[in-house]
Structure formats: structure tokens, C-alpha cells
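Residue numbers (my numbering), protein chains in the order written: chain A, 1 to 316; chain B, 1 to 316; chain C, 1 to 342; chain D, 1 to 342.
Treat the hints with caution; some may be incorrect.
[What the hints assert, rightly or not] Just a sample of chain C residues kept apart from chain B, beta carbon distances all over 10 Å, derived:
#	residue
1	71
2	75
3	195
4	201
5	204
6	210
7	339
[Claimed, not checked] Capping the alpha-carbon separation at 27 Å, the derived lysine-lysine pairs in DSS-like fashion look like this:
#	chain 1	residue 1	chain 2	residue 2
8	C	32	B	301
9	C	70	B	301
10	B	236	A	273
11	B	182	B	267
12	B	178	D	72
13	D	72	A	301
14	D	32	A	69
15	D	33	D	320
16	B	301	C	314
17	A	182	C	72
18	B	69	C	314
19	D	264	C	340
20	B	30	B	97
21	A	236	A	301
22	D	340	C	264
23	B	301	C	72
24	B	178	D	70
25	B	178	A	236
26	A	178	B	236
27	A	69	D	314
28	C	70	B	236
29	C	306	D	210
30	C	70	A	178
31	B	182	D	72
32	A	301	D	70
Source of the hints: derived by calculation from the structure; they are not laboratory data.
Ideal Cβ positions, reconstructed from N, Cα and C, are used throughout, including at glycine.
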Amino acid sequence: MARLTHTIYPLTTGFHGATRPTPNPELIAKYGYDSFVPFENSPDNSDEKLQAIAKEIRRDIVRALVEAKSGHSGGPLGSADIFAALYFGGVMRYDPKNPWWPDRDRFILSAGHMCPVLYSTLANAGFFPKPELLTLRKFNSRLQGHPGRDMGLPGIESSTGSLGQGLGIAVGMALADKRVDKNSRRVFALTGDGELAEGEIWEAALIAAHWELDNFTMVVDRNFCQIDGRTEDVLKLNPVGDKFRAFNFHVIECNGNNISELRAAFKEARSIKGRPTCIVAKTFMGHGISFMQDDYRWHGKPPTPEQAEQALVELV
Amino acid sequence: MARLTHTIYPLTTGFHGATRPTPNPELIAKYGYDSFVPFENSPDNSDEKLQAIAKEIRRDIVRALVEAKSGHSGGPLGSADIFAALYFGGVMRYDPKNPWWPDRDRFILSAGHMCPVLYSTLANAGFFPKPELLTLRKFNSRLQGHPGRDMGLPGIESSTGSLGQGLGIAVGMALADKRVDKNSRRVFALTGDGELAEGEIWEAALIAAHWELDNFTMVVDRNFCQIDGRTEDVLKLNPVGDKFRAFNFHVIECNGNNISELRAAFKEARSIKGRPTCIVAKTFMGHGISFMQDDYRWHGKPPTPEQAEQALVELV
Amino acid sequence: MADTSVLKDNLTNLAAGPKTNGPMPRFEAHTKKATRFGFGEALVVLGERYENVVVLGGDITGSVMTSYFKDKFPDRFFSMGITEATATLVAAGLALSGNIPFFATYGAFASCRNTDMLRISLAYNDANVKIGGGHAGISVGEDGATHQALEEIAIVRVLPNMTLVVPCDYLETKKATIAIGEHYGPCYIRFGRSDVPSFTLEETPFVLGKAQTFRQGRDATVIACGPMVWEALVAAYELENEGLDVRVINMSTIKPIDREAILKAARETGAIVTAEEHQITAGLGGAVSEVLAQECPTPVEFVGVKDTFGGSGKPDELMKFFGLTSGDIKNAIRTVHSRKAQ
Amino acid sequence: MADTSVLKDNLTNLAAGPKTNGPMPRFEAHTKKATRFGFGEALVVLGERYENVVVLGGDITGSVMTSYFKDKFPDRFFSMGITEATATLVAAGLALSGNIPFFATYGAFASCRNTDMLRISLAYNDANVKIGGGHAGISVGEDGATHQALEEIAIVRVLPNMTLVVPCDYLETKKATIAIGEHYGPCYIRFGRSDVPSFTLEETPFVLGKAQTFRQGRDATVIACGPMVWEALVAAYELENEGLDVRVINMSTIKPIDREAILKAARETGAIVTAEEHQITAGLGGAVSEVLAQECPTPVEFVGVKDTFGGSGKPDELMKFFGLTSGDIKNAIRTVHSRKAQ
Ligand SMILES: Cc1ncc(C[n+]2csc(CCOP(=O)(O)OP(=O)(O)O)c2C)c(N)n1
Ligand SMILES: Cc1ncc(C[n+]2csc(CCOP(=O)(O)OP(=O)(O)O)c2C)c(N)n1
Ligand SMILES: [Mg+2]
Ligand SMILES: [Mg+2]
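Chain A on its own, in the form it takes in the complex (with noise of 0.2 Å):
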């Protein structure tokens, strides 16, 4: 029987004309993005240099947000630990000069306004040249405010940024790979805290379960911030766990921004057979940068040029 095949990465309809935004010079400069060498993926990488990189992942968001003036800062800082370890601790199987590579593993970012973090980790691990961060936001950037796949940005699977969509495109990946291709690719997803009310979610969940993804781990960003507040005075989510539990999950609660824990985490998600991996991920909205961390009001603002010097300097 034949196959059907379609070219669908990248994706190349981004419909604003052939010029790209030019990111200024003076801070690729600055920030030394020109001599810049990608960071490499191996499970040897040793917690200190993960978190080195997530410190440079942080930084990264910072002077990307901060030249945009508009976007999402405190989810992306406190999930950079994440990330660090997803993208670098020889986790996920990618290739950047390849990126679009068909045995690659897979990720979705459900929660899309976190996309700083994902662009960063994408640019630190080669997928791009980093000065292209500095045009996040901007008129025609491959880096849109929330992922858009009409971009065609290496590392960008899906488009994302209506909360609660991302996690059920992450199962369907895991379902072609398990049930269809019966590959061995793995398929990693990331959500918000906040986001776990969209009842997508759990309609994701029931499938993941009822369909033995085992080649499914999710993470969930539990930083207990959403916009309007703190997650159990917007809408209670508690006991998370025990949700996904419920949901027949193999549950994992660690502390997300814990390098060590996370890698951990990852390991033991791997080993879990029959069934789909929730990592609750504890970490700090906006950790790392002291006037951020912790706080709400920092999930949908830039830095100020101020405060983002401030920011780099904690961020040494």
C-alpha cells in the first residue's frame, strides 16, 4: 500500500513579504551573538553546565523581551530549568543543522505565551542564529508572540497560544508514533498551570491513558500564577497530582526549577511503561531575578530597560 506524502516542515505561507525585521546591531554586538557557538545536547552534560545554560537561556529572554517591550516574562524565566534539561540533558533527540529531521522527538509548547523560552532554548541549542531573538514580536519576525508555524522557524512544530490546544496536538504526535509508525520517537509537551482548567486538557488526558502513551511526557509549569492571580484564587487546580493520577498517568511532582530533579524526572518518565508521564514541575514564576520571582504580575510584562539590566546582572 502507498503512502500519501505531503511536504509539511517548515511551513513557509508566513505572510508578511520576504523581509524579515533586522535586529540591531549594536546589541548583537553587545551581547556577543555574533561569535555565539550553540550549546551541545548529551546526557553527560553535568548539572553545572545545564545550568549555566538555563542562566543563559534566562538571559536570553530578558533582552529578547525587553527590545520587543511587549510579552510574557515570568513563565518563561521560572520554566527555563525545563528546558535546559529537555533541550540539553540529552533528553529529547534533535538534530539543529537538521531540524527538521523525520526520527526527531517532538515538542509542543501548549502554554504558546511561553514562547521566549522556547525561542531561547531554540537559538542556544543552534536552531537559529541568536540575533534573530531581538526580533521577537516584530512585524513579520520568524518569532511571532505566540508560535506560528506559517513562520517556518526550525524547532517550531506547531502554532500555539490558545491555551489548552497544544496538549492534545502533542498526543496526536505520540499516537502516529506509537500506534501508526510505531517508531521510537518520544514526545514531550509543556503546559501552564493556570491552563490545566481548559477541559482539553483532560480530554487529552483520557486519550493519552486510554491509548498507553508511554512515549508521552508532558510537564506542567506549576508556578501557582496565572494572570488574574494566584492559580488556587483564580480557579483551585489542587491537588494536581492527584488528577492526573486519577486520569491514569504515571505522576512525577518535582522541583522544577532543580536541574538535577528534573533530569531525574525525564529518566524515570522513559521507564514507565503502559502508560503516559505528567511531570508536575514545581518552579517560581519569573525565578532567578529577584523582583520577579514569585509574583503574578509578572506573567505578561516585559522587563524595562532598567530593570532588564538589573535582571542581567542577577543573572551572572
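Take the given structure of chain A and dock chains B, C and D with the ligands to it, following the hints.
Leaving out everything else, chains B, C and D with the ligands in the frame of chain A:
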């Protein structure tokens, strides 16, 4: 401060003109519908009395369905005991002679397709004359294939039929009662078990628990059947009780075909403070009729005339 | 439903009125069959042709005939339970991984329960997912308003990147389903539950994105979709007696719409009736009116549901009550023809 | 966004071109203000007037200004978390129990995430719920396509029983919000995030269901909604130099639509431009075209987003790129005027 009040019930925009369908007079006579005296709702009714009422509800379901020539048998027959307990065991407060009495308790049938059991219950309680049951699903009947509020049928609080929606409406009513009007009304809702797959169920659960709606009781008709097969084959739902517990409900699991267990469950629900209750009522689809019992193929079809006759024999 | 007897003894006249010329498709109208069977059969054809066609079930596989595929290819059929929104997302994920997923359920839920998913994860994502919306329109019958899908045309056509097909009978549904399966991009196909005349033949042309003229005529044109195409043919045939020479266009692809066919009809016949088993608001009538307003203002009469909800009843009764019969189309043709004269 | 300087020294001309007669509303255009503030302020007015007005929050109360009500009436504000679909249902339940609930979130999610709920639990139920859809259109800016609502008009107007309002500026949004709060039935109001000219005055008439002529003219009419009304006024004003006398109609209620105003404009000016911050498919342009096709076929040009998704950028940049400026309206007027001549 003023209230801006509007007439909400009954809505009578039912659009098919003034002539309602005429029930078959022979059947009215045959079933004794012309001399029927409605049953009383009282906590003093014995279990045996309620069992007898449940049997009558079941008979009326069979009679309505065979005359309609389409419609849902399995769920309605299976859940008749729940309705008998709710409407005739003194659990719900209502006045069939004054059906829109403002202080009435509210019941929402989230599983709208199960309306034959609700219609039969309402007729047995005296909300409308029994002969009207024989107009089920006919052109311009007040007994629509799925409950239509536009028809103004006494006892129908809301249109339902799109699964997963009724629960949220019921939660809204409970919120109105407990948090806005601060009255003593109670709100009940019934969902199917297949229906629990809809994400809106879990959104509604989060909201009910967050607002601590202890005036809200939902019943899950846990018959392990849905259209395409057994629930655990279509989409695994177990452990249902654990799910609602993790969503901060008080959970009661009981035999939903046992009147006394159901009455105890509703009593317990009323005593719970600070959280909503979910009664997981284990029933058999098509309960009481040998050739339907526990068979998902009876979800959505009516009995043939021969089958109906046989069923009515079994239901004596 | 629709009466086929009128055509029993004069099938040729259906296709080409005596006053027109040029070869027209031949039709036969001996059977009635619900369009959903065409959908179900096509999935099996696609499944046989392509190993990466997969189907998702929404707990009504027997109603929307995905059961055929399920029985034939159980390994490529995945039950999603009653999760229309997420089934749409899972389909998107399957598509992004190289599969061609079909997800079908009742049209009301295939277009309304997952609208944001259609918008972001299918359309914006340009994911190669095929959505089947069954139980289209009032002819669903006894289930009543909640199950009678009357909004899909508006909802799907407002979304960029989508392809929307509303085939006219069983066989065209089969062809159209195969066509969208082989076409890249997010597609929506609408089909019905009740038996409707089955009249197109293997040789009747179907091309995605192209309207087909099913009957020539010079006095007015009916642009119809779904089972209303048959009603339009009957109306046109019967109006011959009144000296009206009516063209019938089968607008089976509604997005992208065949602007040329609309404009040609407007220029050549000067009067248009649209006929759809859908709200007259924002549906096929809207799509046609938009094209005409932009390029060739022309009188249009709308046959469809007039901004109300449906209800329970027998399909026939309902189609009559809601004004969706050949008789209603005839009235609309007479009206638009007299408006043209003004 | 839109340039107001052109009007600084000649406010009268904006309202009534020299070639027309009859009194016209007076406008002032000194400030810019996002329409969402009108929504937020009106909720407080309603809350003060009626004890049974309640508000549901969707975790963006600060963006859609339900925060004003929350601060003033914390006991009547209920946080729903991020559950757009169920928040809509909870609102329906509150309404059926005699309250007048408002639920507001971004328009993309207020119309797409809950479409089936709007259809069944609001529209079919005739529940007295008011939905506020913020962040309308492209002018949302940097957040990009997922957050730029461009489909609400199509989605809401296809549903029977709904009332749909798209007010033109801050003050009209305030009036319209109060009006829908006092009107029985399911309503949807659309408003924006970015600052736009604030030009109507307390005395400017607003009546639910009635279009307002904001400028007289005989050569062509722009029928606009939302912030495009201002752009239309600027376009009309500037075209005076070219000898074009252009009428501007503020179609703030889109459902039910004011057919009389459309037909009068078509009969008196013979050429129509529609302007909306929405897809040109099935939106205001579609609604106007449907009325015209049925009663008075007239050339129409459509200004709106041309069946594509939005993207990130500054509001100004985007409005220009997507063709949503007074300049685009001017071009459309010139085109439609020349078509009329043909
Ligand atoms: C469907 C949908 N509803 C609302 C929004 C607006 N929104 C964006 S982020 C957010 C809060 C998300 O909270 P959480 O998931 O905890 O992310 P965090 O604030 O921790 O970054 C909201 C409501 C959205 N993007 N999508
Ligand atoms: C949103 C929605 N999706 C699908 C349907 C079609 N449908 C009606 S009943 C049903 C199965 C429901 O299963 P369950 O809740 O267990 O009820 P039971 O079969 O036990 O009566 C389905 C899929 C619907 N009515 N609404
Ligand atoms: Mg959070
Ligand atoms: Mg069941």
C-alpha cells in the same frame, strides 16, 4: 438597588405554530392515561412505593418510545430509579401545579438524549398530562427529541442535548443560589458516563469545587455503556470516583438501580458542607428489561411493537 | 424525502430543458441514499489506497459511517470517546506527523464544539486534517434542534486555509471525500443522515473547487448545495411548464468558491436563487451575494432556514415547514425572475 | 493608531460635508481611548443600577476591564479560571436563575472556544447572557494571529436569537454595553485593545438595532463598524477634495441588522463600501451584501482582512499591511464609485 427582572419561564417561542400533535386516543385508553392520578413526592414514601413508581416510569418510557419510533431506550430505562428517588422520595422540592415556582429546586438533564425518563418522570409527578408522552419526538411536540426550552414544557429548565453542556448550566444555577441570591435552593444534574469525556465536565467540576457549591449534587449514570460500545473500550473512564475526588468533590458510589442506596446517597449529599457532591450511580443500561439489560446497542433505538409488548410484560 | 416520481419517465428533461443546448450530464433517479454512506465508503477506498489514512471515532461511528473503515482497518481506527474538541487536536497532531486523519461526528459538534481548534490547530497550522460533519441540516428529523447542524457553512468559510465541500448526493459525497483525502490542507465535508435522491452517475464530473452546471437555462439560475441540488433540478424541470428556463448549478465546493461560475450565471441569466439546508445567514447565499456584490450586482432570493432553530419531526414534515422543498425554490425563482424584470 | 490631526481644525466638516444638508452629529476627536474601557466602565454603571448584574472572569480581567466591576462589586464577580466554554454555560445558568451575567474574554475565545455553548445554551435557550469579546481584530498588535479575533461577526450572526454589537469608539461601547445589559436576550459585544480615536459625544444617538448616519453624502456610502467608522469618516472627509460626497453609516448593531438604513443608502447613493476589522468573508460585508442582493442589488467594495491570518507587529503597521486604513477605504470608494458609473 433595583433588580432588572424579565420573564424567563416558561419560554413559549416553540416555533412550529399553535397546533400540538394529538396523542393516539386508543393508546390513552389502553394505558389508562385519562384516569391517571399523579404520584406524590414525599420523604415518607416507602422504598417499595418508589420502586413501583420507577416501574411506572419505565413503562411510560417504553410506551412513548414505541409510539415515537425513534429515540433512546437504554439510558432512560437504566436511570429510572434515580429519577424515582429524586422526584418522589422528597429529595427535590417542587410543585407540579406551580411548575415555575421560584423557590423550586432545579434539575438539569445534562445527558439530554435521556429525556424520555425525564418526560416520564415529570408526567408521573403531574407536571403535564400523561397523554402528551405519546407525542414524543413528533412535529411540534413539547416533548422534543432532546429537551427544548423553547417549547415551555413544565419541568424543563434548560435545553440540552449537546453533551457536556448541562453540567455547567447547573453549576451556574447553583452559583446563583449559593453566592448571589444566597437562598436555600438545591441544584441537581444528571450526566451519562460516556458524557464525562467532554472537557466541559471537568471545567464545571473545577468551578463547582472552587466556589464550594455544597448546594450542588451531580449524578453520574455509570452504566459502562455508550454508543460505540463499553465505556472502557471507547475511552477508559475508570476510576471515575477518584477523578471527582481529585477534583475536590465529595464522592458517593452506589448502586443506581437500588432505591434505598440512592436515597441514602442523596441524604448524605445534603449533609456535606463546603464541597459539591458527585454520586456515581452504577446502573445497567436498559435495566428491568431482559433483552436490553447491559447492552450498549440499546443506547439509541426504540423497541419494536413486539419488543415493547414483551417489555411491558416484564415491567408488571 | 424529496419526491422522485416526477422524474421517473423523463430523465432526460431533468438534465437539459428543451430550450437550451449543449451536452449536459445525464442523471438517474431510481434510488435514495443518505450521503453519509458515500463518506463511509470513500474512507475505505482511501484506506485501501494509502496506508497513512487514519480515522478517529467520536462515539457515533455507526451514524457517520466511519464504522466501515473501523471494520476494515481496525489498526488505523482510533476511538476518541466524546471529545470533539480534542479529537480535532489529535487529528492535527497525527497530520503534522505525516498521516491523513479523518475525524467525523455530527456537524453541529464537528464545527461548533471545536471552532477554536479548527481556527488555530487546523487552519492556522495548515494541518492536513479532514473533518466530516454528518447529520447536516433539518432533515436529521426527530432528534431536533440540538442535532440539526445549520451553521457549518458560515463557521468554516470564515476561516482562512479551509476547504469546504457540501456534496449533493451519495455518489458525489464519495467522490468529494476521496478528493479531499488526496488534497493537501484542512478540509471540511458536510453530509446528511436521511435518504435523499441519488442521481449523479460515475461519469458526472466532480472537481474540487469547481461548480458544475447540472442544467442549462437562460431565465434564472439556482445555485444550490447538498440535497437542495435535487430540489432545484425538480423545480427547474417543473417550471418549464411556466415557460421559465432555469439553470441549476451544483456548488459543491463552497470554499474556495467558484467565482467564475457565479458571475457567468449572473451575467447570462440575470437572476439567482440560492438553496441550502442551512441558515440563510452567512451561508451559501451569503457567499454568492458577496461575489455578486463585488463584481456583478444581481437579484438573489435565498432558500434556506430563516434564522430560526430546527425541531423534531419527520424529515419531510420539517423540510416543508422550514421551506426547503422544490416548491419553495419554485416560488423563489418566480420572485427573482419578476424582480429581474423590474 | 489612526491619524487624528487631519480633523483638529475642522471638526464640523467631518460631520457634514458642505454639499449635504440637514443636521448631523457633532464629533470631537481630541483623544484616543481603547473601546474596552467603555465596556469596563459600563459594567460598573450597570452594577450600580441593578443588583442582579453579575460578572464572570476568564483570567484576563485586567485586559478586558472587567477588573473595574470586580473592584467595585467583589461579591458579584466570579472567577472562572481559563474555562471559556464552561464560563459561558455558567453564565447561562446564572441567567436562567434571574441574573444578568456578563462574561468577557478575548474575542477569539469568546466566540470560538464556546461556539456550541453560544448555539445551544445561549441562543437556543434564549438565555439572558452578555458575552464581551475583547481584543477584536488586527489592532491587537504584537500578540499575533492566535489572539487577533477576526471571525466573531460570522460566527455570532449565523446563530438565531443573538444580538451582535460592534461599537465604534469608547463612548459608544459604553452606551452599547449598557443597552445590551438592559435588553433581554443573548448578546455579544465586540471591542478592542488598542487606543483608537474617541469621537462620539454624549449626545450622539445610539439605539440598539439602529444604524446611525454619521455623515451625509450622495455619491457613495461607507457602512462601517468598530474603529473602521472613524477611518471611514476620515476617508469621506478627505475625498471631498476629489469632489466625492460620501455618506458614512455606523452599523454598530450587526444582528439584527438595520435593513432600512442599508437600502436607503443603496437607493440614494448607489454604491457601497463596507469596512470592518474582520475577515471580509461572512462578516459585515456579507451581511450588507445579503440584504442588497435580496432587495436592491448594488455594487459593494469590501474593506477588511482578506481571508488570511494576522500576525505580530505594531497596530499601525498591521492595519496598514492588512489594508485597514482610511486610505484603503478611499481606494474602495473610488473603485465602487467608478463601478456605479458603468
Ligand atoms: C484559550 C485561551 N484563553 C485565554 C488566553 C489568555 N491567556 C494567556 S496566558 C494566560 C494565563 C495562563 O496561566 P498559566 O498557564 O499558569 O501560565 P503562566 O501565567 O504561569 O505563564 C491566559 C489566560 C489564551 N491565550 N488562550
Ligand atoms: C457534544 C455531543 N457529542 C455527541 C453527541 C451524540 N451522542 C448522544 S448520546 C452519546 C453517548 C453518550 O453516552 P453516555 O453518556 O454514556 O449515555 P448512555 O449511552 O449511557 O445513555 C453520544 C455520543 C451529543 N449528543 N453531543
Ligand atoms: Mg502558571
Ligand atoms: Mg453510559
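- prompt: Which earlier hints turn out false for this structure, listed by number in ascending order?
  reply: Violated hints: none; all satisfied.
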